[in-house]
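Visitor: Going line by line, the protein sequences match chains A and B.
Here the first sequence stands for residues 1 to 597, where the numbers follow my numbering.
Here the second sequence stands for residues 1 to 443, where the numbers follow my numbering.
Please keep in mind that the hints were generated in silico from the structure rather than gathered at the bench.
A few of these clues could be false.
What the hints assert, rightly or not - Facing chain A, from chain B, some residues (calculated, C-beta under 7 Å):
| id | residue |
| --- | --- |
| 1 | 323 |
| 2 | 377 |
| 3 | 381 |
As the list claims (entries may be wrong) - Derived lysine-lysine pairs resembling DSBU-like cross-links, with alpha carbons at most 30 Å apart:
| id | chain 1 | residue 1 | chain 2 | residue 2 |
| --- | --- | --- | --- | --- |
| 4 | B | 22 | A | 511 |
| 5 | A | 215 | B | 27 |
| 6 | A | 224 | B | 323 |
| 7 | B | 53 | A | 224 |
| 8 | A | 230 | B | 323 |
| 9 | A | 309 | B | 367 |
| 10 | B | 440 | A | 344 |
| 11 | B | 367 | A | 594 |
| 12 | B | 22 | A | 215 |
| 13 | A | 423 | B | 435 |
| 14 | A | 224 | B | 138 |
| 15 | A | 2 | B | 141 |
| 16 | A | 309 | B | 435 |
| 17 | A | 423 | B | 90 |
| 18 | A | 511 | B | 353 |
| 19 | B | 353 | A | 309 |
| 20 | A | 594 | B | 22 |
| 21 | B | 138 | A | 230 |
| 22 | B | 69 | A | 423 |
All residues carry an ideal CB built from backbone N, CA and C; glycine is no exception.
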Amino acid sequence: MKTIQLTGLALFIAGFTLFIVSFFIPSYKVTEGVVGSLVEESKQSSLLESAGDIINKDYASNISLIGDLNRLFEEINKTQLAKYSISDEEKAEIQKVNFSTGKFSLSSLDQIFSGENQIEAFKKKAFNDYGGWMDDREYESEQELMNHINNVTDNIQKYGIISQFGFDKYQSKYLKYAIVKEASQGSINNNSILWILLTYGLCIVGGIAYLLPNKTLDGPAGIKNNGIFKNAMSNRGWLGILTGTFLIVFYILLYFYPEYMTAWIITVDPISQFLKGSDAGRFFLYGFMYTLAILVMGVRMLIKYRHSKYQVARTFSVMFFQTAFAFLIPEILLRLNQPYFDFKNIWPLDYDFFFENELNTLVQSGGLGIFMLGWGLGLIALGVPIFVYFFGKRWYCSWVCGCGGLAETLGDPYRQLSDKSLKAWKIERWSIHGVLVFAVVMTIGVLYTYWTGSSQLFGVVDTYQMRSVYGAWIGAGFAGVVGTGFYPFMGNRVWCRFGCPLAAYLGIVQKFKSRFRITTNGGQCISCGNCSTYCEMGIDVRWYAQRGQNIIRSSCVGCGVCSSVCPRGVLNLENRDEDGRFNQPILLGNDSFKVSN
Amino acid sequence: MQHTVIIGNGIAGITAARHIRKLSDNKITVISGETDHFFSRTALMYIYMGHMKFEHTKPYEDWFWSKNKIDLMKEWVSSIDFDGKSIAFKNGSSLTYDQLILATGSQSNFFGWPGQDLEGVQGLYSYQDLELMEANTKDVKNAVILGGGLIGVEMAEMLHSRGIHVTYLIREAHFWGNMLPKEEGTLIDNHLAEHGIDLRAETELDEILDDGNGRVKGIKTKDGKIIDCQFVGLTVGVHPNIDLVKDSKVETDRGILVDENLQTNVPDVYAIGDCAQLKNPPPTRRPIEAVWYVGRMMGETVAHSITGNKTKYQPGVWFNSAKFFDIEYHNYGTVLPECPEGCSEFYWECHDKKKCIKVIYETNSLKVKGVNLFGIRNRHEVWDQWLSQGKELDYIIENLPEANFDPEFFTHWEGEIQEKFNNEFPDRSVSVRKKGFLEKIFA
Chain A
1 MKTIQLTGLA
11 LFIAGFTLFI
21 VSFFIPSYKV
31 TEGVVGSLVE
41 ESKQSSLLES
51 AGDIINKDYA
61 SNISLIGDLN
71 RLFEEINKTQ
81 LAKYSISDEE
91 KAEIQKVNFS
101 TGKFSLSSLD
111 QIFSGENQIE
121 AFKKKAFNDY
131 GGWMDDREYE
141 SEQELMNHIN
151 NVTDNIQKYG
161 IISQFGFDKY
171 QSKYLKYAIV
181 KEASQGSINN
191 NSILWILLTY
201 GLCIVGGIAY
211 LLPNKTLDGP
221 AGIKNNGIFK
231 NAMSNRGWLG
241 ILTGTFLIVF
251 YILLYFYPEY
261 MTAWIITVDP
271 ISQFLKGSDA
281 GRFFLYGFMY
291 TLAILVMGVR
301 MLIKYRHSKY
311 QVARTFSVMF
321 FQTAFAFLIP
331 EILLRLNQPY
341 FDFKNIWPLD
351 YDFFFENELN
361 TLVQSGGLGI
371 FMLGWGLGLI
381 ALGVPIFVYF
391 FGKRWYCSWV
401 CGCGGLAETL
411 GDPYRQLSDK
421 SLKAWKIERW
431 SIHGVLVFAV
441 VMTIGVLYTY
451 WTGSSQLFGV
461 VDTYQMRSVY
471 GAWIGAGFAG
481 VVGTGFYPFM
491 GNRVWCRFGC
501 PLAAYLGIVQ
511 KFKSRFRITT
521 NGGQCISCGN
531 CSTYCEMGID
541 VRWYAQRGQN
551 IIRSSCVGCG
561 VCSSVCPRGV
571 LNLENRDEDG
581 RFNQPILLGN
591 DSFKVSN
Chain B
1 MQHTVIIGNG
11 IAGITAARHI
21 RKLSDNKITV
31 ISGETDHFFS
41 RTALMYIYMG
51 HMKFEHTKPY
61 EDWFWSKNKI
71 DLMKEWVSSI
81 DFDGKSIAFK
91 NGSSLTYDQL
101 ILATGSQSNF
111 FGWPGQDLEG
121 VQGLYSYQDL
131 ELMEANTKDV
141 KNAVILGGGL
151 IGVEMAEMLH
161 SRGIHVTYLI
171 REAHFWGNML
181 PKEEGTLIDN
191 HLAEHGIDLR
201 AETELDEILD
211 DGNGRVKGIK
221 TKDGKIIDCQ
231 FVGLTVGVHP
241 NIDLVKDSKV
251 ETDRGILVDE
261 NLQTNVPDVY
271 AIGDCAQLKN
281 PPPTRRPIEA
291 VWYVGRMMGE
301 TVAHSITGNK
311 TKYQPGVWFN
321 SAKFFDIEYH
331 NYGTVLPECP
341 EGCSEFYWEC
351 HDKKKCIKVI
361 YETNSLKVKG
371 VNLFGIRNRH
381 EVWDQWLSQG
391 KELDYIIENL
401 PEANFDPEFF
411 THWEGEIQEK
421 FNNEFPDRSV
431 SVRKKGFLEK
441 IFA
């Protein structure tokens, strides 16, 4: 058994090492064909002109290629700006001509940009487009006029020239990723199935071989937390730091620099082809790895808590919902030309549910799309309150949710690292409700723009700006980089505890209108602290238990581990009559007087 | 303002301090030489096993004490002048009090075995014992534990968690023979064996052997067997720690003698918890009850007397709990190792030999006296009511599902228990719990 386990560990380490190695395997060559297939025709010539030394060059690493591409786009943008920008002399002339009449007139541009060539024509049209608001405006000072002219020409540079002749932020981002992926060559492209076996295959086989023997090696079924605070992985030791660093880097690449991870994405192309009939994107890779992590670590969970039917049922549930609802069904929907839809994701965790492109896709997709829209709205308005009333927020957070699923499987070895202090609780309440408010305001802005077409909410806030800030800082930064990357440092529920706006919403219902509670069993508590230590949400469970008080906290996700680790059978998750839920804290056993604590 | 001084920061002393603070604005000082802050003594084992760190065993954060104006002193007391109401410390300083609460806890028993002072031989009670055990068990392969009680089995689990082979000597025929009836004890014996603990029943220690350097190298049993080991755990019970008052005017027996108000023979001096011995214990209760819950209840009670509201210590229905490796134990009411005269027992054991229930009842009236539960959690509140109302066996068996406190989805055994009852008591048969829809599917 021990041998199987060690072999498993070796296989897993080999698979993981190969996964890291595969990052560096491909070489890259950008051909004219690649550019031709990815870049719109109008920009191809300017790109090929400047890209002479990149085309057909052999790159050994993506890092130097991406560096060259960055320089290329920068250079093209600079050249095009120089070529199409309205010069200082031209600006001075515009000012002079118009100030003399005391009033700005767009027709004055005709005499300044009189040339017939394409450049002059562009400048005239651009000033007309971006400076229309200046027409007929009266100017008292030359300075004021100049300021407005500068304002217009700045906008032309920023939005006009770059997007028309150069490559703006979004386009260059996309092109970098697409070019690097297309330019990739070598064994990963040619033998991706082999690489799937060498990386994921070895990791899965090794992981399972490492985990399964615990069923006998661990001894009889029961709580097995031996050595957790002496282990380098589970007690912020070097292994934990290494794991956290890997996760953080992975998430930063995934969300902000996907052009670097094309080798990993290409590896899973065959799986993506099989499932949805097209190549993988970064979020296919992510979904695939995420599901594997939940399944393999779910097996660990099933073995570790095999004595508890509650934990077993709950683990099967998160494994099922991740595999079917989050991963397979949406991909199959795409294959059937239906909108991508995760039936168990709920706004505001699913923060782009109300984005106009999402709404439009659903509305335009016929009956199924409308059903999805109704389903999503139903979950928000009815599903959450009704299910939380009957079962507590656990029905979602620790039985269905994908973030919760990862936390309860991959994250289980880190649950004891959450901060239990009163101070942490105070920060948590500000932080999670702050994100909820942000999500609601952002969504109001999005809907306002959807219905009115105006991008300015209350005349001051740019709704597009707001959603991109939310997406980058909350959706990617908080939920992804911090939410998972900090598992080995702050426990497995950092996002759920401090950030998730849906958890905040579920929690408010759980606190004020629910049958769910953790019941404390009379006076049996011995204050040992196992419950608090192993609470992933950082609830000081013992504080209540030792007072004989039921635990009713908005943050409790109902994982049931406090009840599992309690050595005296003191805690039990229950859905019972609302009366007596907030019990008077009374410790049984002492008849000397009424002991209220 | 009255100054209440408490010696001992365990559950008894700290509970007293907290409740005095709730009831009064007395100045409160808690003295302990053991640790700076209150920790859960019952959790020491989990620190050794790596389930928790010491900080996790502290039920209150460190700011709690100053916020609640409870002064903490980390000092060892050397003597007490009861006439001058003054406490002298080992460092030479002193402190005066208006009321004194002695909550000094227990000490491990050592019965004078040859070799009991060797290096590698120890009991387990205090935080210092834990540190000693950490040092003593470094590189140890084999250990011997003596004494079939709660601390012994905890020590076995601790050592086992580090891969140390444990030979476990008990004087009785089965585990915890002075508290558990035979069936329950045997059930735990089997479970210990399942974990690879080498349990030797009816075996007594003759002497502990010296390796020539003052360290233990093995033990010899009374029947002449030699067992090699590098560590010996002596866990043959504890006795009240009365060193401070033994030769003073405070009356002592095995413990510090107290009346029903938990007061000693000296005015304004009280004793609570493990160190206290009740002069007139309530019926069915023992004069010294060295368990966590009693310490807590005495602390709650004494706070009322200290703050001017003389209150008698009246414990309710006895209850206790423990965990033996993976098997949890709940006890409500009185269950003695031998079924008392005039009483009978109802026993059910699960086929996996890891769960059982024993109910003791008066043979004629069927009135239930107490219950032992292994591997099944039951509600304290429900049993407290049943026992204090003197419910009869058939009523309790019929309503057993109401007392169940196992987590959701766990198998319910009440149906089987009720069927067994109906077989034994055909004329008082009760309705049998039916399985729910989900239960049938997942059974």
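Visitor: All hints, please: hold or fail.
Guide: Quick rundown of the hints versus the structure:
| no. | hint | result |
| --- | --- | --- |
| 1 | 323 | 4 Å, holds |
| 2 | 377 | 4 Å, holds |
| 3 | 381 | 5 Å, holds |
| 4 | B:22 <-> A:511 | 27 Å, holds |
| 5 | A:215 <-> B:27 | 55 Å, violated |
| 6 | A:224 <-> B:323 | 14 Å, holds |
| 7 | B:53 <-> A:224 | 16 Å, holds |
| 8 | A:230 <-> B:323 | 23 Å, holds |
| 9 | A:309 <-> B:367 | 35 Å, violated |
| 10 | B:440 <-> A:344 | 28 Å, holds |
| 11 | B:367 <-> A:594 | 26 Å, holds |
| 12 | B:22 <-> A:215 | 49 Å, violated |
| 13 | A:423 <-> B:435 | 46 Å, violated |
| 14 | A:224 <-> B:138 | 22 Å, holds |
| 15 | A:2 <-> B:141 | 19 Å, holds |
| 16 | A:309 <-> B:435 | 16 Å, holds |
| 17 | A:423 <-> B:90 | 37 Å, violated |
| 18 | A:511 <-> B:353 | 41 Å, violated |
| 19 | B:353 <-> A:309 | 18 Å, holds |
| 20 | A:594 <-> B:22 | 14 Å, holds |
| 21 | B:138 <-> A:230 | 15 Å, holds |
| 22 | B:69 <-> A:423 | 20 Å, holds |
Hint compliance for this structure: hints 5, 9, 12, 13, 17, 18 are broken, all remaining hints hold.
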